[in-house]
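Trainee: Residue strings, one per chain:
There are 2 protein chains.
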Amino acid sequence: MPELRHNVITKEWVIIATERAKRPEEFAKKNKEKKAIPTFVATCPFCPGNEKMTPPETYVVPDTTGWKVRVTPNKFAALSYEGTRERFVQGIRRTISGVGIHEVMVETPDHSKTTALLRDSEVETIIQVYLNRFNFASADSRVEQVTLFKNHGEAAGTSLEHPHSQLIATPVITAQVRDRLINSLHHFDEFGECLFCHLMDVELKEGTRVVYETRHFVSMVQYAALSPFSMIIMPRRHMACFPEINDAEAADLGHNLRVTLAKLYYGLDNPDFNYVVRTAPAEYKGVKYYHWYVSIIPRLTKLAGFELGSGMFINVSLPEENARFLREVKVD
Amino acid sequence: MPELRHNVITKEWVIIATERAKRPEEFAKKNKEKKAIPTFVATCPFCPGNEKMTPPETYVVPDTTGWKVRVTPNKFAALSYEGTRERFVQGIRRTISGVGIHEVMVETPDHSKTTALLRDSEVETIIQVYLNRFNFASADSRVEQVTLFKNHGEAAGTSLEHPHSQLIATPVITAQVRDRLINSLHHFDEFGECLFCHLMDVELKEGTRVVYETRHFVSMVQYAALSPFSMIIMPRRHMACFPEINDAEAADLGHNLRVTLAKLYYGLDNPDFNYVVRTAPAEYKGVKYYHWYVSIIPRLTKLAGFELGSGMFINVSLPEENARFLREVKVD
Numbered sequence: 001m002p003e004l005r006h007n008v009i010t011k012e013w014v015i016i017a018t019e020r021a022k023r024p025e026e027f028a029k030k031n032k033e034k035k036a037i038p039t040f041v042a043t044c045p046f047c048p049g050n051e052k053m054t055p056p057e058t059y060v061v062p063d064t065t066g067w068k069v070r071v072t073p074n075k076f077a078a079l080s081y082e083g084t085r086e087r088f089v090q091g092i093r094r095t096i097s098g099v100g101i102h103e104v105m106v107e108t109p110d111h112s113k114t115t116a117l118l119r120d121s122e123v124e125t126i127i128q129v130y131l132n133r134f135n136f137a138s139a140d141s142r143v144e145q146v147t148l149f150k151n152h153g154e155a156a157g158t159s160l161e162h163p164h165s166q167l168i169a170t171p172v173i174t175a176q177v178r179d180r181l182i183n184s185l186h187h188f189d190e191f192g193e194c195l196f197c198h199l200m201d202v203e204l205k206e207g208t209r210v211v212y213e214t215r216h217f218v219s220m221v222q223y224a225a226l227s228p229f230s231m232i233i234m235p236r237r238h239m240a241c242f243p244e245i246n247d248a249e250a251a252d253l254g255h256n257l258r259v260t261l262a263k264l265y266y267g268l269d270n271p272d273f274n275y276v277v278r279t280a281p282a283e284y285k286g287v288k289y290y291h292w293y294v295s296i297i298p299r300l301t302k303l304a305g306f307e308l309g310s311g312m313f314i315n316v317s318l319p320e321e322n323a324r325f326l327r328e329v330k331v332d
Numbered sequence: 333m334p335e336l337r338h339n340v341i342t343k344e345w346v347i348i349a350t351e352r353a354k355r356p357e358e359f360a361k362k363n364k365e366k367k368a369i370p371t372f373v374a375t376c377p378f379c380p381g382n383e384k385m386t387p388p389e390t391y392v393v394p395d396t397t398g399w400k401v402r403v404t405p406n407k408f409a410a411l412s413y414e415g416t417r418e419r420f421v422q423g424i425r426r427t428i429s430g431v432g433i434h435e436v437m438v439e440t441p442d443h444s445k446t447t448a449l450l451r452d453s454e455v456e457t458i459i460q461v462y463l464n465r466f467n468f469a470s471a472d473s474r475v476e477q478v479t480l481f482k483n484h485g486e487a488a489g490t491s492l493e494h495p496h497s498q499l500i501a502t503p504v505i506t507a508q509v510r511d512r513l514i515n516s517l518h519h520f521d522e523f524g525e526c527l528f529c530h531l532m533d534v535e536l537k538e539g540t541r542v543v544y545e546t547r548h549f550v551s552m553v554q555y556a557a558l559s560p561f562s563m564i565i566m567p568r569r570h571m572a573c574f575p576e577i578n579d580a581e582a583a584d585l586g587h588n589l590r591v592t593l594a595k596l597y598y599g600l601d602n603p604d605f606n607y608v609v610r611t612a613p614a615e616y617k618g619v620k621y622y623h624w625y626v627s628i629i630p631r632l633t634k635l636a637g638f639e640l641g642s643g644m645f646i647n648v649s650l651p652e653e654n655a656r657f658l659r660e661v662k663v664d
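So the protein sequences, as listed, match chains A and B. Take 1 as the starting number for the first sequence in this note's numbering and just add one per residue. Take 333 as the starting number for the second sequence in this note's numbering and just add one per residue.
Hint data in this document are derived by calculation from the structure and do not stem from the laboratory. C-beta atoms are modelled at their ideal positions from N, C-alpha and C, and glycine is treated no differently. Among the hints, erroneous ones may be present.
Claimed, not checked - With beta-carbon atoms standing in for the labels, derived distance ranges:
| no. | chain 1 | residue 1 | chain 2 | residue 2 | range |
| --- | --- | --- | --- | --- | --- |
| 1 | A | VAL61 | B | ARG568 | 51 to 61 Å |
| 2 | A | LYS29 | B | THR371 | 27 to 37 Å |
| 3 | A | ALA36 | B | GLU418 | 51 to 61 Å |
| 4 | A | LYS330 | B | VAL393 | 48 to 58 Å |
| 5 | A | GLY83 | B | LEU536 | 26 to 36 Å |
| 6 | A | LYS11 | B | ASN467 | 20 to 30 Å |
| 7 | B | ASN578 | A | LYS11 | 34 to 44 Å |
| 8 | A | GLY49 | B | PRO405 | 53 to 63 Å |
| 9 | A | THR43 | B | GLU418 | 50 to 60 Å |
Build the full structure now, drawing on both the sequences and the hints.
Mentor: Written out as structure tokens, the structure reads:
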């Protein structure tokens, strides 16, 4: 018998389709032609030496011979850095000028790498760059919300192979983020606790959905995970906003994120994935009811009409089996 | 300068990325190998003569020599038709037994057809079958919500080529549907009008986003369309629920849906798409604040980390240009 599980964060029910569930191994990329990825590609705008192919950098972590991480405005920015935020209201219609920030963070000079293959210290540096750019964007008076995310592979929406992340700072708080803030506020008012701290406690006690624990972070599959192998990495210490982490936590996150992604990489043969930092906007620093985390979403299945039309997801795998499978993938 | 537009139905802001916008022609399927689709495939479970490959039919529209439309339980059902609805509550965790209805509606015996290529009367018959199955499912006391949808093509989440739609009846009302009901209720309380009737009035007056008008329905691109060429087909008469339509309206919808999809088919070279009937659940029949409609979502772009992480969509096309382009596609 299938099961409907309630996702406490999104408030959506998820169908765990036990009858249609696949074994973890079946999600590995099969039949995909293996090709060696070169460390340098002459036509790649993110490879060292090709810096002129992108807009001038806004931030860089220097190396003895060049750079470790390089940040530039997105050449095909979704929002304009220039201009003022203007609102237009006419009847039921609302419009805002599309101002904001859209940056690309080139994570390493090496074209062939992906997060799973970097060193812990390299991922830590990327996290520190996220912090820098998050704070920079949040300081812009036109900006209400900053979204940090990574698209890896074509199914995840990128055509650029060179490892990179992105930041989009928007002149509004999105309805999705606002809804989650309100839901967790109601939980705090009703139960006097952070919903996310409670969720993490339950998961650590049960253990069946925990994937990897480090000193400051826990990576796990949610009880009502929306899709196969989707995971969250949550800080043990209560913090509403990503920029509240300290240096020790940033280093630990670098390690946890690298290992968690390496488990996916080796266990499922380098699947396409997105990850995103789900944080409250900067102005929420210190609130007791929200708790930031990282969502990792492997793109192993497709959204179809039912999901688009109802908002309800059908997960064709078992969260407990996903977690057990990933725990058993040994990573250095 | 890009523009943020507010989608009045979803309450989400959408980035209309004017700087990255593509011309309508660029969304046509290019380089895709053309292959003739046969009218009959021996291994297809939905082709006539292969009825034993599916579970026994639950409903059929007979033809002189066989059937016009055939409904069966989904062989790989997401929910179980057998069993009772049981709820389990433990701490923050909620679970419901996965009971419900999951049916497949084979739309025509002809394997090679798609909605765009059917006759109006055939699409009308499909609409009448939707009505029958919607009412059948809604009468089940375990069912709270019925979702009717179609997946066309691989990017839309189907691997079966034979034209078919699906129905999933769930034992809960989804958060997405509940949120839209509440939003439109608030609009009604505040302005004394149906939000959707108002929206349609505005669009008909402006005309720039209208794609196709018939006696009882209007197909149009929304001002804040979430993705390229996504459209809605809305009944002119105020109705909260899909099963409130009469026979004349069902016939007119058959024609409007066929022509609207044919404009996509010929204009963009048979793109993959989903459509879904966005209706209030049956118990809402007659309410003044909700208004059902059909959403058509061509799958021309991919969801990436930003959309998943923020809930905000980036539309790389202009709704007004989409509509103009489709208006100019001549269809018999």
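Trainee: Determine for every hint whether it applies to the structure shown.
Mentor: Each hint, compared with the structure:
The supplied range of 51 to 61 Å is met by A:VAL61 and B:ARG568, whose beta-carbon atoms lie about 59 Å from each other. Separation of A:LYS29 from B:THR371 is about 35 Å and conforms to the stated range, judged on CB atoms against 27 to 37 Å. With their beta carbons about 53 Å apart, A:ALA36 and B:GLU418 fall inside the hinted range of 51 to 61 Å. Between A:LYS330 and B:VAL393 the C-beta distance comes to about 57 Å, which sits within the given range of 48 to 58 Å.
For the pair A:GLY83 and B:LEU536, the beta carbons lie near 33 Å from each other, so the given range of 26 to 36 Å is met. Taken as a hint, the range 20 to 30 Å holds for the pair A:LYS11 and B:ASN467, whose Cβ atoms sit roughly 29 Å apart. Our hint of 34 to 44 Å for B:ASN578 and A:LYS11 holds, since their Cβ atoms are close to 36 Å apart. Between A:GLY49 and B:PRO405 the Cβ separation comes to about 60 Å, which falls inside the hinted range of 53 to 63 Å.
Between A:THR43 and B:GLU418, the C-beta spacing of about 59 Å keeps the proposed range 50 to 60 Å intact.
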